[in-house]
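Listed here are the chains, written in short residue letters.
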Amino acid sequence: MTAINKPVRHKRRDVVFPVVNTIILCILMFVTLYPVLNTVAYSFNEGMDALKGGLGIWPRVFSIKAYDELLKDTAVYKAFLISLSKTVITTVLNLFFTSMLAYALSRKEYVLRTFITTLMVLTMYVNAGLIPNYLLISRTLGLKNTFWVYIIPTMFSCFNMIVIRTYIVGLPEALVESARIDGAGDLRTFFQIILPLCLPVMATVALFVAVGAWNSWFDTYLYNGSKKDLYTLQYLLKMKLATTQNSSNAANTSAEALASSAKVAPITVRCAISVVSAVPILIVYPFLQKYFVTGMALGSVKG
Amino acid sequence: MIRIGKTAKAETLAVPNRKKGFFRTLGGQWQLMVMSVPMLLYVLLFNYGPLWGWLTAFQDYQPKLGLAGSKWVGLDNFKFLFGREDFILSIRNTLAMSLINLVFGTISSILLAVLLNEVRNRSFKRTVQTVTYLPHFLSMVIVVGMAQNIFSSNGIINELLLKLRLVNQPVFFLGKGEYFWWLVGVINVWKEVGWNTIIYIAAMTSIDPSLYEAASIDGAGRFQRILHVTLPGIRSTFMVLLIMNIGHLMEAGFEIQYLMRSGLTMKYSDTIDVFALLYSFGSSRPHYAYGVAAGMFKSVVGIILLFIANMTAKALDENTLI
Numbered sequence: 001m002t003a004i005n006k007p008v009r010h011k012r013r014d015v016v017f018p019v020v021n022t023i024i025l026c027i028l029m030f031v032t033l034y035p036v037l038n039t040v041a042y043s044f045n046e047g048m049d050a051l052k053g054g055l056g057i058w059p060r061v062f063s064i065k066a067y068d069e070l071l072k073d074t075a076v077y078k079a080f081l082i083s084l085s086k087t088v089i090t091t092v093l094n095l096f097f098t099s100m101l102a103y104a105l106s107r108k109e110y111v112l113r114t115f116i117t118t119l120m121v122l123t124m125y126v127n128a129g130l131i132p133n134y135l136l137i138s139r140t141l142g143l144k145n146t147f148w149v150y151i152i153p154t155m156f157s158c159f160n161m162i163v164i165r166t167y168i169v170g171l172p173e174a175l176v177e178s179a180r181i182d183g184a185g186d187l188r189t190f191f192q193i194i195l196p197l198c199l200p201v202m203a204t205v206a207l208f209v210a211v212g213a214w215n216s217w218f219d220t221y222l223y224n225g226s227k228k229d230l231y232t233l234q235y236l237l238k239m240k241l242a243t244t245q246n247s248s249n250a251a252n253t254s255a256e257a258l259a260s261s262a263k264v265a266p267i268t269v270r271c272a273i274s275v276v277s278a279v280p281i282l283i284v285y286p287f288l289q290k291y292f293v294t295g296m297a298l299g300s301v302k303g
Numbered sequence: 001m002i003r004i005g006k007t008a009k010a011e012t013l014a015v016p017n018r019k020k021g022f023f024r025t026l027g028g029q030w031q032l033m034v035m036s037v038p039m040l041l042y043v044l045l046f047n048y049g050p051l052w053g054w055l056t057a058f059q060d061y062q063p064k065l066g067l068a069g070s071k072w073v074g075l076d077n078f079k080f081l082f083g084r085e086d087f088i089l090s091i092r093n094t095l096a097m098s099l100i101n102l103v104f105g106t107i108s109s110i111l112l113a114v115l116l117n118e119v120r121n122r123s124f125k126r127t128v129q130t131v132t133y134l135p136h137f138l139s140m141v142i143v144v145g146m147a148q149n150i151f152s153s154n155g156i157i158n159e160l161l162l163k164l165r166l167v168n169q170p171v172f173f174l175g176k177g178e179y180f181w182w183l184v185g186v187i188n189v190w191k192e193v194g195w196n197t198i199i200y201i202a203a204m205t206s207i208d209p210s211l212y213e214a215a216s217i218d219g220a221g222r223f224q225r226i227l228h229v230t231l232p233g234i235r236s237t238f239m240v241l242l243i244m245n246i247g248h249l250m251e252a253g254f255e256i257q258y259l260m261r262s263g264l265t266m267k268y269s270d271t272i273d274v275f276a277l278l279y280s281f282g283s284s285r286p287h288y289a290y291g292v293a294a295g296m297f298k299s300v301v302g303i304i305l306l307f308i309a310n311m312t313a314k315a316l317d318e319n320t321l322i
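Read top to bottom, the protein sequences are chains D and V.
Residue numbers 1 to 303, in this note's numbering, belong to the letters of the first sequence in order.
Residue numbers 1 to 322, in this note's numbering, belong to the letters of the second sequence in order.
Just to be clear, a hint being listed does not mean it is correct.
To be verified - Ranges of calculated distance between the beta carbons of each label pair, as one might list FRET restraints:
1. D:33 - V:22: 53 to 61 Å
2. V:84 - D:61: 48 to 56 Å
3. V:311 - D:197: 25 to 33 Å
4. D:17 - V:82: 48 to 56 Å
5. V:209 - D:61: 37 to 45 Å
Stated by the list, open to error - DSS-like mimics (lysine-lysine), calculated; alpha carbons at most 27 Å apart, straight line:
6. V:163 - D:144
7. D:52 - D:144
8. V:267 - D:240
9. V:125 - D:290
10. D:52 - D:240
As the list claims (entries may be wrong) - Rough simulated footprint, nothing fancy, chain D against chain V, three-plus residues with beta-carbon under 8 Å:
11. 46 to 55
12. 68 to 75
13. 100 to 110
14. 151 to 164
15. 175 to 183
For the record, the hints were derived by calculation from the structure and aren't laboratory data.
Don't be surprised by glycine CBs; every beta carbon is placed ideally from N, CA and C.
Working from the sequences, and respecting the hints, build out all of it.
The following block contains the structure:
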C-alpha cells in the first residue's frame, strides 16, 4: 500500500518544488543581470537625458555619442593599449614561472619540495601590509613610475600554483617515468610532455591572472598616478567615478548642474568605458567555465 | 597544509637516493632547482621581504633617513593609533563589514548551491551558473559605478520603494553612513554569490548517490534529503572555508570602501586598510609608520584569529586547515 501511495505523494511535491526553484533562480538571474543591463542602457542613452536618471534596462533616448566620444579620445586608446600589454605580459610570464614551479613541486623525489611548498603556502596567510609593500616596490626597487610595476610584483600566486600542481599530480606518473627512461631531464619532460597536457588548467589560471591584471586600478593609483602615459583603462574609469560621484550623492540634480554639464554627461561616458572594458572578459569566460569550475574546486580542496 | 607536508616527508624517505646524501641528491636535481629556485627567491623578496618593513612600526620613520637612520620610538606609534578615535572606528568597521560578508556570503552561497543542486535540467543549471559567475569577473570600479546608478536618489531601488509606498521620499543610500556596511554587504554578495557556489557544488557532487536513495526509501522528502544528506555532505568544506574566512576577518578589503567612501560616510566606511592608506599618503608629509603599524596590527590579529579558529575546530573534532 505505502509503496504505491508514496510515489503519488512525491509526484505532487516534485512538481511544486522544481517550479518554485526555477522561478527563484530566474529572479536571481534577473537581479544579477539588471545592473549590467542598466549600465549598458546608460551608455547608449543621450547624455542630458541620462542625467535625469531613472533608466531601466533600455535606453530612453538612444544615442551612440558616448562611444563616439571614446573613439575620439586618444587617452582612452593609450589606456587600452597599456591595459592590454599589461595583461598579456603579466599572464605569459606568470604562467611560465608558476607552471614550472608547480611541476617541480609535484615531483615527490625533489628534496626541497616540503621546504619550498611550506614557504609558498604561508604567503596565503602572512601579509606584511600595504605600506611595507609600497616601500619595497617604490623605494627599494625603484619601480615607481615605470611600466614594470604592473608586471613584476604580480608574478606569483600560491593559489594558482596549487591549482596547476594538483592537475599535474593527477596526470599518470608513467608519462614522466617513460620520458626519464628515454633520457629526458626534468626541464625537457616538463616542456615537451607535461606542459602540452596542462592546457585546460593553464587556460583556467590564465583567465584568473588576466582578469586580475585587467581589472586592477590600485597599482596605477599608487605607483603611476603622476604618469599619464601609463594610465590603464580601469584607472581612467576610476577617475570618471570620482567626477560623477558628487552628482549621485546630491539630493537633486539641480538645473544649474544640468546646464553646466558638458554635452556628453560623464555618466554615459563612464558607463561606455565600463562596457568597453568589461566586454573582453565577458566574451571569454563562458567558454572556459568547464575548466575554471574544476580548477577552483581542485585548488580549494587541496589548498 | 601539514597534511601535504606529512605525505611529502614520507615519500622522500621512501626514495632510495636518500642514502647518497642530501647534497648529492640535490645536485642530481639541478633541473628541478632551475625550475623552482627563481620563484623561491621571488617569494622571499616580494612576500617575506616586506616583513622587514614592520620594523618601521617602531620608528619615527623618515623616508629620507631610511630604516637605518630613523629614530626608534618603541611603541609610540601604536599608542598614537589606539589613542585615535578614527583608528578604533576603523577596527569596528573592518570587523562589522567582514562579519556581514561572512554570514550573508556563506548563507547565500550555500542556499544557492542547494537550489542549483536540485535542478535536473542541465542546460538550465549551466545557464544560471554562467549568469551568476558574471559579476565575479567585473572590476570593483565598474561594480561601484553600477551601484551608484542603482542606489542613487533616482535609481531603481528608490523608484521601487516609492512605488510600493514604503518611503515618501528617496533614501540617500550612498550618502548616509548608517547604510554603508549593508550596502557593501549587498554588493559583495551580489558579486560573489555565484562564484562561491563552485566549491559547495563540487562538494555536493562528491556525495554518494546511494545516500539519497537510502534516504528516499526511508521516506525522506526533498527537504529532509537536503537537511540530512546534502548539508552534512558539505560540512567539512564548510568548516575549512569557515576557518579560512575567520583568518581573514581583519581583511574587509579596501577597494570597495575606498571607491565608495565620501566625507559623509567616513565614520562607517573606513577600514583599517583605508585608514593606513589615508594616513600614509593623505597628507603632504607621509606618515608611513602609522600605516605600517596599522597593517602590522591587522596581520598579527589575523594570524591569531586563524589559530584560534583552527584550535576550536580541532577541539570540536572537525576538519581543520592546519
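So, going through the hints one by one against the coordinates:
Between residue 33 of chain D and residue 22 of chain V the Cβ separation comes to about 58 Å, which falls inside the hinted range of 53 to 61 Å. The hint said 48 to 56 Å for the Cβ distance between residue 84 of chain V and residue 61 of chain D, and at roughly 50 Å that hint holds. Taken as a hint, the range 25 to 33 Å is violated for the pair residue 311 of chain V and residue 197 of chain D, whose Cβ atoms sit roughly 41 Å apart. In this structure, residue 17 of chain D and residue 82 of chain V meet the distance hint of 48 to 56 Å, their C-beta atoms being roughly 54 Å apart.
Evaluation of the 37 to 45 Å hint for residue 209 of chain V and residue 61 of chain D yields a failure: the beta carbon distance comes to about 55 Å. Restraint check for residue 163 of chain V and residue 144 of chain D: the C-alpha separation of about 52 Å exceeds 27 Å, so the hint is violated. Restraint check for residue 52 of chain D and residue 144 of chain D: the C-alpha separation of about 41 Å exceeds 27 Å, so the hint is violated. Proposed proximity of residue 267 of chain V and residue 240 of chain D is supported: the alpha carbons are some 24 Å apart, at most 27 Å.
Using a Cα cut-off of 27 Å, the hinted pair residue 125 of chain V and residue 290 of chain D holds, with the two alpha carbons roughly 13 Å apart. Simply put, residue 52 of chain D and residue 240 of chain D have alpha-carbon atoms about 18 Å apart, close enough for the 27 Å limit, and the pair holds. Look at the stretch 46 to 55 of chain V against chain D: 9 of its residues bring a Cβ nearer than 8 Å to a Cβ of that chain, three or more, so the hint holds. For the stretch 68 to 75 of chain V, the stated coverage by chain D is violated: 0 residues have a C-beta nearer than 8 Å to a C-beta of that chain, whereas at least 3 were required.
Given a C-beta distance limit of less than 8 Å, the hint that chain D covers the stretch 100 to 110 of chain V is violated, as 0 residues qualify and 3 are needed. Coverage of the stretch 151 to 164 of chain V by chain D holds. Counting CB-CB distances below 8 Å, 6 residues qualify, and the rule asks for three or more. Counting residues of the stretch 175 to 183 of chain V whose CB lies closer than 8 Å to any CB of chain D gives 1, so the stated coverage by that chain is violated, three being the minimum.
Hints 3, 5, 6, 7, 12, 13 and 15, counting from the list given before, are not met by this structure.
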